[in-house]
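J.: Here are the chains, one letter per residue:
There are 2 protein chains.
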Amino acid sequence: MSKLLPSLKEAVTQSGLEDGMTISFHHHLRNGDFVLNMVCAQLAEMGFRNLTINASSIHESHAPLVAHLKTGVVTGIETNYMGSAVGRYVSEGNMENPVIFRTHGGRPSDIENGSSHIDVAFIGAPSSDCMGNCTGKLGKSACGSLGYAFADAMYADKVIVITDNLMPYPLSEFSISEIYVDYVVEVDSIGEPSGIASSTTRMTRDPIALLIADYAAKVIQHSGLLKDGFAFQTGAGGASLAVAAGLKAIMLDEGIRGSYCMGGITGYTVDLLECGCFETLMDVQCFDLRAVESLRKNSRHIEVTASHYASPTAKSCLANGLDAVILGATQIDTDFNVNVHTDSQGYIMGGSGGHSDTAAGAKLSIIVAPLTRARLPLITERVNCISTPGSTVDVLVTQRGIAVNPIHPDLSTRLLEVGLPVVDIHSLKEAVEQISGKPNRTAPKGKVVAKVLYRDGSVIDTIRNV
Amino acid sequence: MSKLLPSLKEAVTQSGLEDGMTISFHHHLRNGDFVLNMVCAQLAEMGFRNLTINASSIHESHAPLVAHLKTGVVTGIETNYMGSAVGRYVSEGNMENPVIFRTHGGRPSDIENGSSHIDVAFIGAPSSDCMGNCTGKLGKSACGSLGYAFADAMYADKVIVITDNLMPYPLSEFSISEIYVDYVVEVDSIGEPSGIASSTTRMTRDPIALLIADYAAKVIQHSGLLKDGFAFQTGAGGASLAVAAGLKAIMLDEGIRGSYCMGGITGYTVDLLECGCFETLMDVQCFDLRAVESLRKNSRHIEVTASHYASPTAKSCLANGLDAVILGATQIDTDFNVNVHTDSQGYIMGGSGGHSDTAAGAKLSIIVAPLTRARLPLITERVNCISTPGSTVDVLVTQRGIAVNPIHPDLSTRLLEVGLPVVDIHSLKEAVEQISGKPNRTAPKGKVVAKVLYRDGSVIDTIRNV
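First to last, the sequence lines map onto chains A and B. Under our numbering, residues 1441 to 1906 are what the first sequence spells out, in order. Under our numbering, residues 1441 to 1906 are what the second sequence spells out, in order.
Okay, chain A solo, but in the shape it has when bound (with noise of 0.2 angstroms):
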């Protein structure tokens, strides 16, 4: 009565992977995770073609993957993020088939309902049984939430659990279940967990973010949302976490308890938890070691699953009941549509994760940028990629002004009336371009080297070879 096998290899062999499969991965170990290429790097030294990934998210530390992608192992990659290292190498056009870029919530509908299938899944497990109950609550390498990974567990034809802290059976305390699971493998390490906190993660002292997040958090206060039951995401960037302070001052002065904070969850959000400020966490993914160990101890933070998080065909979920999100961008045009795809010059270094399905969810989306980065502006006349349609954006808050959405004149009345600095986002974009000189307009022109899912599964972009 074991699924334990004494080996990856042997792992691979019994799943039947065959070449031109389908191998998929979760992110909850961020830039720590040992998991992805570990398997492949064991799928190129037994002789596998043809793979197409399917990952939650791919990091730098996935940089590795190149290796894979030059020398034929994998040949498709599907994902919600791409970090630069790999993003560089799609974008030069060294792939035959375009990467496919989904949202958090988009992935796990599409793999339900059977558009997006998943030969074998590996789930880096920080702790399993020997029938494969698991959790990332528990163990050295722990990463709290395993939400995007259930999916994959319920889905995939074949499902290898990789753990480096095997635990007696029944590991009562499991997240997937082993209903789910075909085989178990021990290994050294999946993970440095010192990993899953990335500098995204880690509170600004930039002056111009803090001004920036100052503002956020006063149109928060002001866009007669924030009462009583208010439902909140925020992001990991700096800035994002800034707000979070400031809303917590807000919020602790007016009296005011929330119902849930959800979205990647930092030690931020358990403060916010911890102050009283909101009753109950919803943790699809855990952003650093405090959100862990609040997970696992806290009973009003909960792990939820990607689905349940933000999915368009889940019959419903957390994202669409945000009362508002803070979320980033790269670049922002004068529709409000953003791109958190790639960089100004094209390269990919990015992804929707759950920025597009939180911001058609939330009632009040908020974009916080500063408007020049490496002295290029922020405000563009077109993105160069639509990661999230300008329709459900409402917000754009910089260090020189707020721009609101037209289709909100209300919200940008009552801001006015408090006094913020509301400005038209042409007139924002003209300044900075006084100042930075407008940009030479340098879409890439080539062939498609990334095709954008929305939430919906319909492609609302493309990324070009630059």
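Hints were generated in silico from the structure; no laboratory data involved. Warning: the hint list may mix true and false statements.
Because identical chains cannot be distinguished in the list, a pair is counted as satisfied if it fits within a single copy or across any two copies.
Subject to a maximum C-alpha distance of 30 angstroms in a straight line, what follows is the list of computed DSS-like cross-link-like pairs (lysine-lysine) [said to hold, decoys possible]:
hint	residue 1	residue 2
1	K1449	K1510
2	K1449	K1755
3	K1667	K1688
4	K1658	K1688
5	K1755	K1580
6	K1688	K1891
7	K1737	K1580
Since the structure of chain A is already known, use the hints to place chain B on it.
T.: Chain B in isolation, oriented as in the chain A frame:
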């Protein structure tokens, strides 16, 4: 942002329910359940016809269902257990379509693989939020685990949650997620929690039952299976509970720490957890209110789905990891086939529940039963209905001795060596017949009134009109 509808009638209307469709229910409130009767009354009032009810169990409290069978509102029944109130009506040949009996593991398996389709699931939930995140752990009608309802929620076309305790969104302690729920209806009461504890969940004082329990505990003690990591299920009948008490004494005395106890959980099982005999309780159903409280409070007492409990098509399940299970019988024959569906006249008054699942899964399945009931002998030449095949039954324990299935000569030897009264099942049969007389075999010969599906979906037996 709410799925809350003003009435059950409105929810039924919006669900698109039509004549001839299949609706489903779970039985976690057991004899205290109001939901099945409430829904059927509503559907009758709305003029529905030819509905099939797929209920995980039908209890005595569901006697009003007979009226709906008579009027043709309901013309099909699929269930894992049927009390005598409805059972007698069925056995008298009053239904045109045979009842389909499944097992607690076979039911979710068939729902998940599509061979058993549910159009509209009605889920009685002791607590729910307005989007359908719901649980059995909280509320005035708390019944604990909702294990049997997961497959219904996950696979029915439409899911209606009926609750008598509406909680703020999001209910963080949810068992069943909003992602599966279409509508929520609030009613005054979904049931009477005291009805959860039926007469079958109280400890016996009958000296014969206590003697049988003592033998059974000793069979386990000397089976070679009772060691650290031991996994165990006992039923809710008085003798079964007495085995738990006996086993507890042995385990404490010998310092043995088992892994998990499962099945319907009672206060006696909770005792086994709390005194350290077992690491964890895996709970598909709470059989009494102490179990409900333990599930709510003890992190080592875990709710599991019916698939995790016993599905034969899950990639693994807890039933298949059992060392020993204690089960009852209304009849057993000399080939060790067990009947738990019909009484000695052939009237339906029970069903497999998890009987045949756990008998198949456990290394040691022990039937405990007195040799006669109401002067009718337990052991027959041929059971009226094969609920559980003799090939999966290992030992019969009676007050007159212990019969070991001849497929296990080693076990027989082992028990004899420690002085236990091992006897041939034929001798037991004859000994009783010398006292009570040989019964006239009165196997019903009428039309088929029920088909008994084994856990793998095959028809293991049929039940005929009395």
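J.: All hints, please: hold or fail.
T.: We went through each hint and held it up to the structure:
{"no.": "1", "hint": "K1449 / K1510", "in the structure": "within (22 angstroms within a copy, 61 angstroms between copies)"}
{"no.": "2", "hint": "K1449 / K1755", "in the structure": "between (39 angstroms within a copy, 20 angstroms between copies)"}
{"no.": "3", "hint": "K1667 / K1688", "in the structure": "within (13 angstroms within a copy, 53 angstroms between copies)"}
{"no.": "4", "hint": "K1658 / K1688", "in the structure": "within (11 angstroms within a copy, 62 angstroms between copies)"}
{"no.": "5", "hint": "K1755 / K1580", "in the structure": "between (36 angstroms within a copy, 27 angstroms between copies)"}
{"no.": "6", "hint": "K1688 / K1891", "in the structure": "neither (38 angstroms within a copy, 62 angstroms between copies)"}
{"no.": "7", "hint": "K1737 / K1580", "in the structure": "both (16 angstroms within a copy, 27 angstroms between copies)"}
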